[in-house]
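Read top to bottom, the protein sequences are chains R and U. For the record, in the first sequence the residue sitting at position 45 is 45 according to our numbering, with numbers rising by one throughout. For the record, in the second sequence the residue sitting at position 53 is 53 according to our numbering, with numbers rising by one throughout.
Just so you know, the hints here were simulated from the structure itself, not pulled from any lab data. Do not rely on the hints blindly, as some may be mistaken.
[Said to hold, decoys possible] In silico DSSO-like links for lysine-lysine, alpha-carbon gap of 27 Å or less:
#1 R:169 / U:53
#2 R:169 / R:122
#3 U:53 / U:251
#4 R:122 / U:251
#5 U:19 / U:314
Being a predicted model, the structure only gives us computed values, none of them experimental.
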Amino acid sequence: MSDVMSDVLMRLEGVSRCYGSGEATVWALHDVTLSIHAGDFVSIVGPSGSGKSTMLGLLGCLDSPTSGSITVGGVEVTGLADAARTHVRGQSIGFVFQQFHLIPHLDALGNVETALLYRDLKPAERRERSMESLERVGLGHRFDHRPVQLSGGEQQRVALARALVTQPKILLADEPTGALDTRNAANVMEILAGLQSDERAVVIVTHDTDIANSAARKVSMLDGRIVSDEVLR
Amino acid sequence: MNVFRDLVRVAMVGLLARKVRTLLLLLGPMIGVAAIIAAVGLTDSAKGDLKAKVAELGTNLVEASASSSFGGQNPTLPRDVVERAMTVTSVRSVAPIVELSNIIVTPYEEAREKYETVPIPVVGADENLPVVLEVPMVSGRWINSFDEGSNARSAVIGVGLAREFGVLPEELRTIDVGGFDYTVVGILDSVLLEPGFDTAVFISFASAENDFLDDDVLPNKIYARVDPSRVDETADALTTAIGLGGPDEVKTDVKSEALELAAQSDRQLQLIVVSMGLLAIIVGGLGIANVMSISVIQRSSEIGIRRALGHTRKIIAVQFLLEAIVVGVIGGICGVLLGMLAIFVGASIAGWVFVMAPWLAPAGVVLAITISVMAGLYPARRAARLEPLETLRLG
Ligand SMILES: Nc1ncnc2c1ncn2[C@@H]1O[C@H](COP(=O)(O)OP(=O)(O)OP(=O)(O)O)[C@@H](O)[C@H]1O
Ligand SMILES: [Mg+2]
């Protein structure tokens, strides 16, 4: 883990997130501080309900913390309006979810292209970049297949292509292999690992110990707190 | 520009991907617009012939007639009525007539009994009458200055009377007018603005005076063609110009008014059917709102992932609204076409002329779009307000 501040892509500082109010208040996240650096390959582990997804949502600017500060690329996003946070998401962050969340009526290419919509791109350029992205996950030949015509592993790879077509600085994956069999899981993990670079960080929430231990850095959570943050490699 | 094109493309792709749903969405505005167009068009078409006639005949024929103020008999206009009328600058041409009463007209002496009870109007006229009325002759000629100057008994008869009397065009015939033999010199075509002339006999003022009047002949009515943009004020001016100082009152009448009234579409019927069409389109709008709201729930995962991918709330809302607009445009256009087809079929069956006001088409499309946009506003807002994290968690 690098300590050079300029390398910090994203930082949570004293971040808490609670749901509900009064008696029913649930503290999903408790005073969490975490930095993600360029080139990081981080796995986040912890029992169910420990706050992994909540933290990923905050890292991805999909949610606002109850308290604490979040910076992306040195920019404070906590107080930002929804539109500005959405812009940050579109520019810097890619997502992969356990349920692939592909748009059912669009083919693979259309799904990938969705990430590049409304960006004032020429259709040809958008198409070209999307095809490249599909080829990167080994699905160039299936570009005109709709999600129902693809296996789970293939669907997740389309989702991966969609996440990386915008060339995000941070790739956030919430149990990306949770719905896949071992072989497909390994395939997806291989691609994910390959996406990590000097400029980009990959963060994976997982229950799979093998996957967790294959990462360069492992963050363990319990009851909304980070209980360990180890560098494995 | 590219952004707008993306919005339109996504809307089209979304609509085309769910064809049945899209068809259901289209139905509401389509049927509503079609009903309204058909209602207005058919009620207009029903009066289409008359409307065309009004346009053809012109609305600038004014009649000024003498009417006695205290029930006196045979009221008359002043001798110089034509000159007086022409002093009104907006009057273009004038023709005086005198309507004679109680004259029995028969095709020949022996048929007198049969026609004694049939009132056939006998009208003294000068050579200007067909010009002012803008009516052509079916055959022969109109009364001319020779008839006026000599004692020749010449008559022109209306086309209806010619049929009744069996007078053939160009046939040399005499008819019995109040006991005098008159030579039929011409047959006048139908005068739509003065239907009574169809069965009338026209003779010269001189003949009227010589054969049927004790006094000097005086007109009791004039027809005037006037400036079409100043019809009503001209009619008023004529009343004063003609009536001033005379013994009898003058009444004016714009001849096309009755016809125009008859040509007016049945507003009440139109209102009822248009209301039904509006109701249909509102129900259609509610249908759109309903189907789209359901669609927002069904597509919440899609909306969530779009939001995660960086599509703003505004984009999501506009995207949904645009789907509604496309539905409105297509539904409106289809509705206009369907409505036109209904008018065409209906008018053909009933034997009417196809009449459709040109503003109906754009109005129909605009109405469909308006309703669709209003219907799309609520679901679009709902879609935009979805919290991405929640929809993705449920996904
Ligand atoms: N929208 C919400 N409303 C109320 N409570 C919530 C909400 N989202 C999460 N929580 C609660 O916050 C806690 C953390 O949830 P989170 O989804 O982050 O757990 P997780 O570590 O991802 O679990 P899992 O491994 O099962 O996915 C849980 O107790 C959960 O019940
Ligand atoms: Mg989770």
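Going through the earlier hints one by one, which of them does the structure break, listed in rising order?
-> 1, 4
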